[in-house]
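Trainee: Just need the whole structure built from these sequences, with the hints factored in.
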Amino acid sequence: MNRRTFLALAALTGAAGPLTACGSNTGTAPGRIAPPPPDPSNPLRIPMLLHPEAGPDGVRTFELAMAPGRFALLPGRPTTTWGFNGPYLGPTLRASRGDRIAMTVRNQLPEATTVHWHGTRLPAAMDGGPHQLIEPGAIWTPSWTLDQPAATTWYHPHPHGETAQHIYRGLAGLFIIDDDQDPQARQLPSGYGIDDIPLILQDKTLTADGALDGDPLAGPYGILGDRVLVNGTTDARFDVTTARVRLRLLNASNARLYNLAFADGRPFRVIATDGGLLPAPVETGTLALSPGERAEVLVDFTPGDSAVLRTVDDGTDLARGDFDLLRFVAAARLRPAPALPATLGGPPRSSRRTGRRSAASCSTGVTTPSTAGRWTWTGSTRWWPPAPSRSGRSRTAAASRTTSTSTRSPSNSWTRTTDPPPGTPAATRTPSSCRPTAPSGWPSSSARTATRSSRTCTTATCCGTRTAA
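Numbered per this note's numbering, the sequence shown spans residues 288 to 756.
Keep in mind the hints are simulated off the structure, nothing from the lab.
On a predicted model such as this, the values are computed, not experimentally measured, just so you know.
Misleading hints may appear alongside valid ones.
Restraint-style ranges between C-beta atoms, simulated for each label pair [as the list claims (entries may be wrong)]:
1. ASP434 <-> LEU336: 17 to 25 Å
2. PRO566 <-> GLY424: 41 to 49 Å
3. PRO623 <-> ARG364: 17 to 25 Å
Ideal Cβ placement from N, Cα and C applies to all residues, glycine included.
Mentor: Here it is in structure tokens:
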């Protein structure tokens with residue numbers, strides 16, 4: 288396996304306009320603010336870790352309030368935003384498997400909305416889908432028992448026809464689920480804000496007066512911003528104090544695909560995707576993330592080290608532009624990291640189990656070996672047949688670990704390919720796939736992607752009313 292090649296994105300084409308990427312010489316559209324030069328002193332904002340109140344019955348209650356506010360997306364230029372328990376984004380929730388939890392959600396916004404627990408296993412009545420509106424001034428109090436392996440999930444609004452706008456204004460936050468019974472999970476970095484870092488990626492475009500510019504549903508896919516923020520921070524810097532850092536990545540953008548890599552080409556290890564821990568760490572040099580997707584990676588540093596996390600242009604419309612996202616600066620002395628476990632708590636990916644589930648959209652990305660020795664990621668915006676990659680190879684659509692249905696899923700039917708013969712080595716066999724069968728009369732694959740991809744699972748369109756692990 289080529290360590291530098293972990294992920295092949297499907298070729299997506301469309302009418303997205305040109306962007307002004309960091310470091311490019313492209314002019315800025317009239318009335319918009321040009322991206323500022325990098326500020327190496329800009330510390331990364333770390334979302335507050337919300338501590339629940341424990342009642343006498345053992346239920347742990349999280350208090351969330353959605354309200355408008357003013358937040359400086361750029362220094363000195365406050366922007367009207369929305370947030371949970373603050374002006375922008377939301378606090379990080381953290382609980383353990385087996386916990387009985389409750390949420391008290393207050394809507395102090397001028398519009399009705401919902402709160403959806405994306406990636407969390409829970410009863411349908413607690414899901415927070417479009418049918419469960421919280422009117423202005425109202426309170427919603429869902430409760431359930433957490434029963435799923437360790438995972439990085441997130442919460443966000445899901446009102447019908449308004450999901451993209453509400454997330455774009457700032458309503459999003461991480462929900463970390465720990466599994467104290469998993470010995471491998473306990474060996475991973477877990478010091479929140481120290482060696483366990485939440486990274487919420489969002490791109491924005493601002494007008495000359497600092498307002499959020501553009502309708503998130505104006506284009507065929509959504510809006511592509513001309514700057515990328517990490518936890519609401521532009522050109523962020525993080526001071527590293529440990530030899531190993533765990534990054535919990537969330538693509539909370541409206542449409543953008545991120546092709547993540549370090550500027551110096553250093554490898555890192557992917558340890559988890561949407562559904563939780565992988566069976567074993569996977570070393571790679573690149574990672575792609577579609578809207579709504581999460582991934583966890585481990586990065587090693589040496590004393591005095593410096594590295595820049597970037598998203599790189601791969602030639603597709605939804606990943607256009609090179610952006611520096613976050614600069615890591617390591618201290619002269621670092622706390623040593625424990626040995627990385629060879630295996631993790633994630634179960635093996637069963638193609639037979641996956642094949643019986645719905646594969647409409649919002650599929651969870653997983654890593655799967657292909658016959659060519661390359662690694663692919665099945666994400667929410669991938670269609671079959673795959674388009675050729677820039678190297679001329681065909682991109683493989685592999686079966687995902689879990690899926691969730693969508694209220695706006697495509698109408699095409701899905702079939703599953705044949706499983707490999709028993710005893711076929713995992714590193715060489717062709718993965719089982721869930722593939723859509725195009726209705727008769729459909730155009731070629733590239734044209735079909737261009738006309739149908741706005742219906743795939745982005746934060747602009749779906750993300751499901753049923754949750755996926």
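Trainee: All the hints need checking, so say for each whether the structure fits it.
Mentor: Here is how each hint holds up against the structure:
| no. | hint | result |
| --- | --- | --- |
| 1 | ASP434 <-> LEU336: 17 to 25 Å | 22 Å, holds |
| 2 | PRO566 <-> GLY424: 41 to 49 Å | 47 Å, holds |
| 3 | PRO623 <-> ARG364: 17 to 25 Å | 42 Å, violated |
Hint compliance for this structure: hint 3 alone is broken.
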